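Undergrad: Residues per chain are reported as follows:
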Amino acid sequence: MTDATLTIPEDVYEAIRRHGERTYPHECCGVLLGRTDENGNAVETAVEAGNTRTDSAHNRYNIAPQELIRIQRHGRERGLDIVGFYHSHPDHPAQWSKTDFEEAHWIGCSYVITSVEQGAAKITNSFLLNGTTEEDKRFEDQRVVVFVRAAESTRC
Amino acid sequence: MKIFIPTPLRAYTGKQDAVEVGGATIQEALSGLTTQYPDLRKQLFTDEGRLRSFVNVYLNDEDIRYLDAKEQTKVSDKDSLCIIPSIAGGY
Numbered sequence: 326m327t328d329a330t331l332t333i334p335e336d337v338y339e340a341i342r343r344h345g346e347r348t349y350p351h352e353c354c355g356v357l358l359g360r361t362d363e364n365g366n367a368v369e370t371a372v373e374a375g376n377t378r379t380d381s382a383h384n385r386y387n388i389a390p391q392e393l394i395r396i397q398r399h400g401r402e403r404g405l406d407i408v409g410f411y412h413s414h415p416d417h418p419a420q421w422s423k424t425d426f427e428e429a430h431w432i433g434c435s436y437v438i439t440s441v442e443q444g445a446a447k448i449t450n451s452f453l454l455n456g457t458t459e460e461d462k463r464f465e466d467q468r469v470v471v472f473v474r475a476a477e478s479t480r481c
Numbered sequence: 007m008k009i010f011i012p013t014p015l016r017a018y019t020g021k022q023d024a025v026e027v028g029g030a031t032i033q034e035a036l037s038g039l040t041t042q043y044p045d046l047r048k049q050l051f052t053d054e055g056r057l058r059s060f061v062n063v064y065l066n067d068e069d070i071r072y073l074d075a076k077e078q079t080k081v082s083d084k085d086s087l088c089i090i091p092s093i094a095g096g097y
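Respectively, the protein sequence lines represent chains A and B. For the first sequence, the positions run 326 to 481 when my numbering is used. For the second sequence, the positions run 7 to 97 when my numbering is used.
A hint or two may mislead.
Just a sample of chain A residues kept apart from chain B, beta carbon distances all over 12 Å, derived [to be verified]: (1) 330; (2) 334; (3) 336; (4) 340; (5) 343; (6) 418; (7) 443; (8) 465; (9) 469; (10) 472; (11) 475.
Chain B regions said to be covered by chain A (calculated; three or more residues, Cβ under 8 Å) [said to hold, decoys possible]: (12) 14–28; (13) 46–58; (14) 64–72; (15) 83–95.
Restraint-style ranges between C-beta atoms, simulated for each label pair [stated by the list, open to error]: (16) A:329 <-> B:23: 16 to 26 Å; (17) B:76 <-> A:470: 18 to 28 Å; (18) B:23 <-> A:444: 35 to 45 Å.
Simulated from the structure, these hints should not be mistaken for laboratory data. Since the structure is predicted, the reported quantities are computational estimates derived from the model, not experimental observations. The beta carbon of each residue, even a glycine, is placed where N, CA and C say it ideally should be.
In isolation and in its complexed conformation, chain B is listed as follows:
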């Protein structure tokens, strides 16, 4: 499946904006991504292995946090994941 990489994380994927990975679940796909690009791990996950709070991951158009099986959700080659850090602020 394809994982779309946002601009700030492309420094860790050889400037690629999308990466092809294998895996039967979201977790396996993300694991495949960080195996290929180990420096991405600390950008995406906490020391406890949880997705950082500001990192959103969408399976097609669904936030994986709201999927019943969350990161254990099964995926196929036709699916895509999109990593998108949050954007907010104010004074």
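Just chain A, with the same shape it has in the complex:
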């Protein structure tokens, strides 16, 4: 069973929160690329995606499958997998909703939600979609570990 931990570099964590502030009062959305191991989902980078729900962008998001395929291909070329998704809840708590659950189909992936209040990112939570099928899937609270990347060594 996957350990319920999401590790994410601080710069990526801040980037997804800033994304939610930029799109406020609309929802932002994007894809988390990284690796999954026995310790959970480890994010390497985030890719911003367009929200196709322009009819109700303040409380709905949808990522076009074509964009998802492009992002998956982009990750694959770099040895990275899709390990999660993120979106914002403008003026709404950072908790998954009935719609979030019904529309969640990537079992094993992390669903990160940031509440954005009056344009400012507040709480960021992650929920692991666990289970084996649509019938027994469930969201589990996931510990978020934010870390500062080690500076790359400089070679002369």
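Position chain B against the provided structure of chain A, taking the given hints into account.
TA: This is chain B only, laid out in the frame that chain A set:
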């Protein structure tokens, strides 16, 4: 042809992110995939054998639901299929 497998379904393909299958049509290719990996069937199809509503399948860059011949569309070894579950939500 090659079928790309998304992260959540790799538990059923021995962790492979792409699988080579034979078949002259999309339906035959998908059938080849679920014959090789039977546990994938219920992940991809309803009990009536239809693709689940949230499962998108793309032939190269085209959604197979919008192809004239849909799953009967002919394919060659140079084509690829990509299975991509939908991602959406909100409150």
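Undergrad: Work down the list of hints and note, for each, if the structure agrees.
TA: Each hint, compared with the structure:
no., hint, result
1, 330, "17 Å, holds"
2, 334, "20 Å, holds"
3, 336, "23 Å, holds"
4, 340, "19 Å, holds"
5, 343, "20 Å, holds"
6, 418, "8 Å, violated"
7, 443, "17 Å, holds"
8, 465, "15 Å, holds"
9, 469, "18 Å, holds"
10, 472, "22 Å, holds"
11, 475, "26 Å, holds"
12, 14–28, "holds (count 3)"
13, 46–58, "holds (count 3)"
14, 64–72, "holds (count 3)"
15, 83–95, "holds (count 7)"
16, A:329 <-> B:23: 16 to 26 Å, "23 Å, holds"
17, B:76 <-> A:470: 18 to 28 Å, "45 Å, violated"
18, B:23 <-> A:444: 35 to 45 Å, "39 Å, holds"
Consistency note: the structure conflicts with the earlier hints numbered 6 and 17.
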